[in-house]
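If you read the sequences in order, they're chains A and B.
The first sequence lines up with residues 460 to 578 when you count with this note's numbering.
The second sequence lines up with residues 1366 to 1794 when you count with this note's numbering.
Treat the hints as calculated values from the structure; they're not laboratory data.
One or more of the hints may lead you astray.
Unchecked claim - Under 8 Å between C-beta atoms, here's a sample of chain B residues computed to sit facing chain A:
1. Thr1639
2. Val1709
3. Ala1745
Just so you know, even glycine gets a beta-carbon here, dropped at the ideal spot from N, CA and C.
If you want the building blocks of each chain, they are given just below.
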Amino acid sequence: MPSKLKMCLTACLIASATVPLGAQGFAATKTKTAATTNANPRGQILALSCAGCHGTDGKSVGIIPSFYGKSPEYLESALKDFKSGARVSTVMGRHAKGYTDEEIHQIAQYFGTVWKKTK
Amino acid sequence: MSTNISRRDFNKLLLTGVAGATMGLFGGSGSAFAASRRVVVIGGGFGGASAAKYLKKLDPSLSVTLVEPKASYATCPFSNWVIGGLKTMPEITQTYAALARRGIVIVPEAAVSVDPVKSTVKLKSGKLLHYDRLVVAPGIDFKWDAYEGYSQGLADSSMPHAYQAGPQTVLLHKQLQAMKDGGTVLICPPANPFRCPPGPYERASLVAHYLKTNKPKSKVIILDPKEKFSKQGLFTKGWQRLYPGMIEWRGPAAGGKIVSVDGASMSVKTELETVKGDVINIIPPQKAGQLAFTLGLTDASGWCPVNPTSFESTIHKNIHVIGDACKAGAMPKSGFAASSQGKVAAAAIIRLLKGQEPVPPSLVNTCYSLLAPGYGISVAGVYQLSPEGITEIPGSGGLTPIDAADDQLEQEAMFAEGWYNNIVRDIWG
Ligand SMILES: Cc1cc2nc3c(=O)[nH]c(=O)nc-3n(C[C@H](O)[C@H](O)[C@H](O)COP(=O)(O)OP(=O)(O)OC[C@H]3O[C@@H](n4cnc5c(N)ncnc54)[C@H](O)[C@@H]3O)c2cc1C
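Using the sequences plus the hints, can you model the full thing?
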């Protein structure tokens, strides 16, 4: 089952990025990890919404498109096309209309680079 | 911001010598007390589990504890599919194993009280957990005294609510299986606000699907105290197309308001008449989960007022309330909304613990409803902070078009499953 395999890969990738419990005493040295994901806090807060349908970090296991690993440019133009209606959709257009072009840019920047950090 | 500083934080700041410099506006030097940052989350449903997962994901240095007495969690989303015979309970049951593997400490017991001054949570066993920030996500509770003759005992035996998934879901499904062909199913939703506004109507649809397939002479009557309901146009059209004559909706003027119920005669008395049912699904009016009351987090409405940026309680500082229990402005009480709130609260807590202001929230909701296999509809909403609180962004969101073509409805049914599979992994995976 390819989707099962994908899931396992996802889990393993994420697991390896997680700091073990024992390391918590050195929290101060770990703030770097948090700081990386936090470089774009506005993009982050906007982007977290997407995972509710598209999966954590945009890794979808089923029929909903996965966008993990896509470039910021691709994501930005896709979202703008959903927003304008140039790209036909069931629900994406209704969502994309909720964001300004600047916000779409932020979301694209966040997801277009987050996979490089969780690789 | 300065009003959010608890005495313990303040003492810590004094010890590290930065209090004076940061009381007004925090400068962002969080490492001073980073080593002891503990967040405790109470409730492992859509809201709480999302908060726990994202707290740990976005800041692995945090110590995150999730307090949830149930070893596994049956999701309400898709429980109507179980009632209609389209899914089984194991398919909608989530566990906490993956969250534990992420380094979240899972505490399998109920929280009984909180000392907001000492910042401790007391568990049923008497054990205390210390927190720097607490997230409370207990979901809903029912107003058992809403109708004369109604009680929790009646719900557990003969008139299930099936509005918390688990044994109640199974009971309602079994009652449908046991019902004779030609029977009547009564579905009695509550007035607003309540969990999952389209839930009772998706249920009516999937019950009708089950009956049409297995007991085609039967019917469904919805007794509704509301003038209108979620996705009404789309549901009504779908019912006419899929189940002509099988589903009857009675609004308040047509006797939709229940006065009392009687388990012995399996009947419901409305303002107009007494209606008998072979299966009776009373969905009682709701309020925030009991724990929210115990902790003094509720206001006169029976729900918890929160700061819309951080979901911090406006009653108790350092305690954040998310999900169905909180008052989230225009957002409906849905699992999707609870999860979105959990993430926003997680991001806010991480910043607050570092002495930074939370960024303005961005919140979202999508609720799919299945009317029959291959026939799905949805409502979407994108939310922002405005002077009125959390409001829907004008021009965004909204419903499946009323004239949607069959292939769109079919696609939405597939997306409903795709959504479920992704969100449960996003939360519990
Ligand atoms: C029939 C039905 C269909 C639905 N369909 C959808 C749908 O398709 N999409 C959607 O988005 N939403 C749907 N919902 C709504 C969704 O289920 C709720 O909005 C969601 O569960 C709210 O999440 P929550 O975290 O606030 O509460 P819950 O999910 O109820 O979680 C609360 C948790 O807190 C725990 N808890 C309570 N008290 C304590 C305590 N003292 N100590 C420790 N733990 C405690 C409970 O055990 C529970 O696990 C549906 C609801 C119903 C009833």
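Against the structure shown, which of the earlier numbered hints fail to hold, in ascending order?
1
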